[in-house]
Every structure is written in C-alpha cells, then in structure tokens.
Amino acid sequence: MNKLDLLQMSLQNLRRRKARTFLTILGVVIGTASIIIMLSLSSAMEQNFKEQIARMGSLTVIDVYSGAGGEMPGHARPGELKLNDETIAEFSSLPGVKAVMGLQYSFMRVVAGKMVGDIQVIGVEPEKLADFDYEIETGRLLLPSDKDTLVFGKNLAYDFRNPRLSNEYMTGYMGHDNNSKPPVELINNKLLLTADMQYGERRPSLPDPNNKTPRPHEVRGVGILKESGDEKDYQALINIAVLRKIKAEDSKAIDRENRTKRNELDKQYDNIKIKVASMEEVRDIQKHIQTLGYQASSLSDMLESMKKTSRTMQAILGGIGAISLLVAAIGIANTMVMSIYERTREIGIIKVLGADMADIRRMFLLEAALIGLGGGILGIIFSYGVSWILNNIAGKYMANMAESTQISIIEPQLALGALIFATLIGLVSGYAPAHRAMKLSALEAIRSE
Amino acid sequence: MTSGKETKVINSGIIQIDKLRKIYRLGDEKVIALDNISLQIARGEICCILGPSGSGKSTLLNMMAGLEKPSRGSIIIRGHEISRMNENQLARFRQKYIGFVFQSYNLLPTLTALENVSLPLTFRGVKKGVRDKQALKMLTAVGLKKHRNHKPAQMSGGQQQRVGIARAFVSHPTVIFADEPTGNLDSKTSSEVMQLIVQMARQNQQTLVIVTHDAGVAAYADRIVHILDGNIAQIENITETREMKNEV
Numbered sequence: 001m002n003k004l005d006l007l008q009m010s011l012q013n014l015r016r017r018k019a020r021t022f023l024t025i026l027g028v029v030i031g032t033a034s035i036i037i038m039l040s041l042s043s044a045m046e047q048n049f050k051e052q053i054a055r056m057g058s059l060t061v062i063d064v065y066s067g068a069g070g071e072m073p074g075h076a077r078p079g080e081l082k083l084n085d086e087t088i089a090e091f092s093s094l095p096g097v098k099a100v101m102g103l104q105y106s107f108m109r110v111v112a113g114k115m116v117g118d119i120q121v122i123g124v125e126p127e128k129l130a131d132f133d134y135e136i137e138t139g140r141l142l143l144p145s146d147k148d149t150l151v152f153g154k155n156l157a158y159d160f161r162n163p164r165l166s167n168e169y170m171t172g173y174m175g176h177d178n179n180s181k182p183p184v185e186l187i188n189n190k191l192l193l194t195a196d197m198q199y200g201e202r203r204p205s206l207p208d209p210n211n212k213t214p215r216p217h218e219v220r221g222v223g224i225l226k227e228s229g230d231e232k233d234y235q236a237l238i239n240i241a242v243l244r245k246i247k248a249e250d251s252k253a254i255d256r257e258n259r260t261k262r263n264e265l266d267k268q269y270d271n272i273k274i275k276v277a278s279m280e281e282v283r284d285i286q287k288h289i290q291t292l293g294y295q296a297s298s299l300s301d302m303l304e305s306m307k308k309t310s311r312t313m314q315a316i317l318g319g320i321g322a323i324s325l326l327v328a329a330i331g332i333a334n335t336m337v338m339s340i341y342e343r344t345r346e347i348g349i350i351k352v353l354g355a356d357m358a359d360i361r362r363m364f365l366l367e368a369a370l371i372g373l374g375g376g377i378l379g380i381i382f383s384y385g386v387s388w389i390l391n392n393i394a395g396k397y398m399a400n401m402a403e404s405t406q407i408s409i410i411e412p413q414l415a416l417g418a419l420i421f422a423t424l425i426g427l428v429s430g431y432a433p434a435h436r437a438m439k440l441s442a443l444e445a446i447r448s449e
Numbered sequence: 001m002t003s004g005k006e007t008k009v010i011n012s013g014i015i016q017i018d019k020l021r022k023i024y025r026l027g028d029e030k031v032i033a034l035d036n037i038s039l040q041i042a043r044g045e046i047c048c049i050l051g052p053s054g055s056g057k058s059t060l061l062n063m064m065a066g067l068e069k070p071s072r073g074s075i076i077i078r079g080h081e082i083s084r085m086n087e088n089q090l091a092r093f094r095q096k097y098i099g100f101v102f103q104s105y106n107l108l109p110t111l112t113a114l115e116n117v118s119l120p121l122t123f124r125g126v127k128k129g130v131r132d133k134q135a136l137k138m139l140t141a142v143g144l145k146k147h148r149n150h151k152p153a154q155m156s157g158g159q160q161q162r163v164g165i166a167r168a169f170v171s172h173p174t175v176i177f178a179d180e181p182t183g184n185l186d187s188k189t190s191s192e193v194m195q196l197i198v199q200m201a202r203q204n205q206q207t208l209v210i211v212t213h214d215a216g217v218a219a220y221a222d223r224i225v226h227i228l229d230g231n232i233a234q235i236e237n238i239t240e241t242r243e244m245k246n247e248v
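Top to bottom, those sequences are chains Y and S.
Going by UniProt numbering, the first residue of the first sequence is number 1, and it counts up by one from there.
Going by UniProt numbering, the first residue of the second sequence is number 1, and it counts up by one from there.
Quick caveat, the hints were computed from the structure, so don't treat them as lab data.
Be aware that a few hints might be false.
[Unchecked claim] Subject to a maximum C-alpha distance of 27 Å in a straight line, what follows is the list of computed DSSO-like cross-link-like pairs (lysine-lysine):
#1 S/K137 - Y/K3
#2 S/K127 - S/K137
#3 Y/K439 - S/K188
#4 S/K69 - Y/K439
#5 Y/K18 - S/K69
#6 Y/K275 - Y/K82
#7 Y/K128 - Y/K308
#8 S/K96 - Y/K3
#9 Y/K3 - S/K151
#10 Y/K439 - S/K96
#11 Y/K245 - Y/K147
#12 Y/K18 - S/K188
#13 S/K133 - Y/K3
#14 Y/K3 - S/K128
#15 Y/K226 - Y/K128
#16 Y/K50 - Y/K128
#17 S/K145 - S/K188
#18 Y/K82 - Y/K308
#19 S/K69 - S/K96
#20 Y/K3 - S/K127
#21 Y/K287 - Y/K308
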C-alpha cells in the first residue's frame with residue numbers, strides 16, 4: 001500500500017468519529033501544553049536568575065579576601081594572610097588569570113558645595129579598570145596620571161544631602177526615581193574629600209581640643225559609571241595611590257604615634273579582584289586560591305546553586321506536566337482500542353481483500369501518531385497563547401518591581417521537543433492496539449455481524 | 001516455480017484439495033466439520049458447493065481462502081500450498097490471485113462505491129489514477145457507473161452486491177470465491193446478480209467457486225458438489241443438462 005493512501009485512510013478514519021477524535025486530541029493538547037508551560041516557567045526563571053546575576057557583576061571575576069571573616073575592610077586579624085603586592089604577583093602567575101587588581105576601601109565624606117555624601121571610596125588601579133567591567137556613562141574613567149580625580153557610581157548623587165536641613169536626611173535612603181534630577185552635579189571641579197564625617201554639620205560651639213579633624217582634600221569628579229545594579233552604583237573610585245597619600249596625610253594629622261602601623265596597613269589591600277579568562281576556569285582557580293588559605297568567592301557559586309535550583313524546579317514542573325501527558329496517552333490508547341472494536345469487521349474485510357499485515361498495523365499506528373501530532377501542534381499554539389497572556393497580562397500585575405520580567409519563555413527547542421514527544425506518545429500508546437488489529441483473525445472479524 | 005510444475009498444475013486443476021479434514025474442539029467434544037474431502041477444480045470452471053447449513057461447506061470455503069487451517073490434508077491453488085503459508089504470505093497471495101464476494105456485501109461504509117471497488121488495488125499499491133480508471137470500468141460493467149460516488153448506505157442490497165462483485169473482479173484474480181452471494185437478496189435481484197457474476201467469470205476464464213444452500217443459485221454452475229456432514233455426497237455435472245435446456 002502506498003504511503004499517501006495509508007495517510008488518507010487514517011485521516012478518513014479519524015474524521016469518522018469527529019467528537020471522539022477531538023476529545024482525544026484535546027487530551028493531548030492539554031498534556032503537551034502543560035509540559036510546555038511548566039517548563040517555560042522554569043526556563044523563564046532560569047533566564048531571570050542569569051540576568052540578575054549578570055547584573056550583579058561579571059561572572060568571570062573572583063573576589064579574594066584575606067581570610068575567614070575578612071570581608072570587613074581594614075580589619076585583617078593578626079596571623080591572617082595578608083593581601084599585598086606579593087599576593088597580586090602570585091595570583092597573576094596562575095594560568096587562566098587575565099588580570100589582578102588590588103583594592104582598598106575607605107568610608108569618606110564627599111562635599112559638593114552645601115551638599116555632602118558619605119560614600120565608600122575605593123582605591124583602584126586606573127589602568128586595570130577596563131578589565132573589571134567598569135564602564136563609563138558620562139565623563140571619563142580614571143587615568144593613571146590622575147592625581148585628584150573621582151569617578152562615581154550611577155546612583156551616588158542621590159545620596160547627597162544638605163546637612164543643615166535635617167529633615168532632608170532620609171531622602172537618600174528612601175529610594176528615588178531614576179528620572180528625577182539628582183540633588184548634585186558630581187562631574188564638578190570643586191569637590192572636597194574628607195575623612196571628617198562631621199564636615200559641614202553644625203558643630204558644637206566649642207570644638208573639642210583633643211580631637212584634631214583631618215583636613216579636606218580638593219578633588220575633581222570626572223565621570224559617572226554606567227548603572228550595574230549592584231554595589232558599584234553606590235561606590236566612588238579613586239586612584240589607589242592618591243587614596244593612600246590622603247590617608248597617610250590624615251593619619252599624620254590625627255595621630256603621630258601610630259604612624260608606622262598605619263604605613264604598614266596602607267601597603268595592604270582590603271580585597272583583590274581576579275579576572276579569569278573564561279567562565280569554565282573560574283571554579284578551578286577559585287578552589288586553588290581557597291586551598292592557599294584565602295577567602296575567595298565569585299558569582300559562579302551563585303550561578304551553580306541557581307542552576308541546581310532551576311534543575312530541581314524543572315524536574316518538578318516537568319513532572320507535573322508529564323502526568324497530564326501520561327493521561328493523554330492513556331486516552332489515545334483507549335480511543336484506539338475502542339476504534340478497533342468498532343472496526344473489527346472492517347479490519348477483517350480488508351484482510352480478506354489482501355491488505356498486508358504490516359499495512360494494517362501501520363494504518364492504526366498512523367492514526368495514533370496523527371492524534372499525537374495534531375494534539376502536539378495545537379498544544380504548542382495554545383501554549384504560546386498562554387505564555388503570551390502570562391507575560392503580558394498576568395506579568396503586569398505580578399511583577400511591578402521590574403519592567404519586563406518574563407514569567408514564561410518557550411524556547412523553540414522546547415516546542416519542537418514537545419511536538420516530537422507528543423507524536424511519540426501517540427505511537428507508543430497506539431502500538432499495542434495496532435498490533436492487536438493486525439493479529440485479528442480475518443474469519444472472526446468477518447463473522448462478527 | 002518451474003514452468004514444468006506450472007503446466008502440471010494447470011492440467012490437473014487450478015484448485016487441488018486432497019484428503020482435507022477439519023476438526024473443531026468445543027470443550028471436550030470434537031466436532032468434525034470436514035471429514036475427508038478431495039476435489040479438483042479446473043481453470044475457468046464455475047463450481048458450486050451446495051449443502052444445508054452445518055454441512056461444512058463454509059468451512060471448506062474458508063480453508064480454500066486461507067482463512068482457516070486444515071487439521072489434515074492439503075489445498076493447492078495455482079501450485080501454492082496455501083495451508084502452509086503464514087499470514088503475510090496469505091495476504092500477498094490473496095492480493096494477487098483471489099477475489100471475494102460476501103453474503104453481506106462487506107463494503108466499507110465510509111468509502112464510496114468507486115473507492116470500495118478500488119480497495120484491492122490500493123492494497124497492491126496501484127496508483128490512484130490507474131486504479132480509479134480500472135474501478136470505474138468495473139463499475140460500468142456491473143451497471144453502476146452513475147452510482148460511483150454513492151456510499152453503501154445510499155444503495156440497495158442488489159446494488160451493494162454488484163459493487164461487491166466489481167470489487168472481487170477488479171484485480172483480475174484467478175479464483176473468485178462467493179459465499180452465499182444472494183443470501184440477502186430477493187429472488188429477482190438474486191438472478192440478476194447471479195447472471196452478472198457468472199457472465200463476468202466466463203468473460204475472462206476465471207474460476208468461480210460459489211458456496212450456497214440455494215439450489216436455484218447452484219443451477220448457474222458447471223458442476224455442483226453436494227456436501228453433507230463433512231463429506232462429498234455427490235458431484236453433479238450439469239453443463240450438458242443446461243445446454244439441452246437452452247436448446248428447447
């Protein structure tokens with residue numbers, strides 16, 4: 001029997017019992033759609049996770065601190081490993097490492113006219129900034145030749161306040177609208193940087209004679225960084241050499257006795273960032289550094305645990321979807337069995353008329369596969385519809401925090417996979433009935449009146 | 001198959017039945033449907049197997065068509081021992097050499113008259129254009145050209161049986177088996193159908209085996225084999241008798 005005739009016959013048989021065929025296909029539609037939608041939820045979740053993590057910073061950067069609990073800057077405990085130029089040299093020599101940068105953290109006050117901001121000022125090596133994904137939005141990045149320049153995180157300007165107006169104090173912490181104009185213009189040649197956290201406040205009328213306040217230093221703001229979504233938005237960058245010089249001058253002014261200790265401390269780094277050439281190498285290098293006794297972390301840790309979570313999610317959601325497809329498979333098998341009962345006589349007739357055994361089986365298998373395929377196609381269409389509704393209507397109500405969080409993402413390979421799977425389900429559940437049809441005794445079949 | 005064997009087969013009859021026996025087991029009881037039957041049917045012969053119900057005539061036909069396996073003995077059609085064929089071989093064999101006319105027509109209800117007639121050709125893998133042409137020719141021969149697009153439910157019993165006959169002859173089989181072909185028809189339609197079926201078999205020298213309990217139907221045959229209780233009771237050669245009648 002030629003293939004076209006076979007197909008035509010199968011289609012004709014499906015058309016005979018429209019209601020039954022429709023209901024069986026509906027079962028497959030629901031089954032396929034539930035798998036696709038469930039998996040689309042988890043792939044959207046994974047996508048969102050990835051975007052979130054990517055927003056937090058580069059996935060190829062490892063952060064190294066001096067030891068357990070060393071995350072608090074400037075609090076290296078005695079006996080702990082120190083982060084200094086030797087450490088940097090050591091890390092730089094590791095294979096797969098692209099760049100290493102030492103950083104020093106300092107909490108200082110920046111003064112712009114009447115406005116002040118208490119800011120984490122980070123000493124960095126200007127020539128390495130580009131390697132660590134610091135990107136400029138307005139103005140320029142730090143240059144190695146800069147003596148007195150600052151570059152600010154995107155949202156820092158909103159943290160400035162006028163210390164003389166106490167009721168304004170909270171505005172910086174209450175969040176802000178990105179479209180509103182920031183209270184200060186930070187690209188400004190007349191900024192002051194000071195370790196005196198009371199600078200510009202109303203001071204008690206009699207200054208404390210024992211407390212010498214450090215002198216403010218004149219600096220220039222030259223650039224604003226692109227928004228990154230992480231702590232970089234709230235940090236200011238300065239050439240580490242300049243930061244050390246300022247600190248040295250300040251400590252000279254405050255406290256002459258501890259000078260040597262400070263000098264030693266100033267040669268250390270609070271944090272070393274390592275840029276790795278590729279994501280695959282991050283884990284190995286991180287492990288190696290940990291075995292050296294340092295504390296090392298990277299976003300790949302997070303990525304890994306995120307992947308685990310999403311795999312579990314996928315298994316659970318996919319499992320729920322699979323159950324409904326299983327039910328649909330039983331539906332197909334049931335329909336095929338019923339159809340064979342109904343057509344016993346016909347099967348007998350075509351057998352007596354010389355239909356090949358294999359053709360009979362093929363005919364029934366094809367019917368079952370067509371139910372699977374048809375259900376699969378409609379299921380995909382239905383899923384895209386549901387996905388659209390989830391993203392465009394339900395998503396608007398649920399996700400007011402982010403502008404375009406996708407709740408459901410149907411990847412083309414998911415849709416294609418579901419289609420193939422639905423067809424296979426049809427074939428598998430049609431196999432036993434088809435085999436049975438083939439094995440029917442022609443004589444018995446003709447006798448059944 | 002060697003050509004020598006072929007010649008021998010044709011000489012000694014297209015259907016050779018030798019010591020055929022069929023026993024059914026119903027629980028502990030054995031029922032002998034066919035006892036010991038030997039019969040040869042020649043090419044182009046119209047042979048009627050006549051007997052009351054329960055005589056075993058249908059069992060004999062079923063075995064000749066390969067629908068049942070004999071308990072003992074052999075059936076050779078065109079040199080092929082059909083009792084030893086498996087289901088697939090039988091299907092091929094039926095496609096090529098066997099046509100069937102049933103008592104209850106057994107047309108497929110979803111197909112039109114034309115599609116029903118072309119069904120055996122479909123199983124052979126004949127292309128649609130070719131088989132439609134042949135099927136239409138057959139329908140014309142049975143006088144149902146106008147009804148080619150009718151479904152079985154839209155036709156009378158006689159018309160349905162004529163479609164059945166067209167279907168049986170469409171692939172030009174060597175042997176046509178007819179099982180009570182007029183069993184569901186009134187006497188006038190019966191004689192029309194019988195005339196048609198005999199005429200078509202004669203045209204192409206095809207062998208026709210009719211199973212019936214109706215002596216009127218048997219009258220159209222060249223030879224009547226009377227079956228009683230699983231044995232051949234009598235073989236009646238009626239060709240000469242009929243010729244004599246026609247002359248009168």
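Hint by hint, which ones does this structure get wrong, listed from lowest number up?
-> 3, 5, 7, 12, 18
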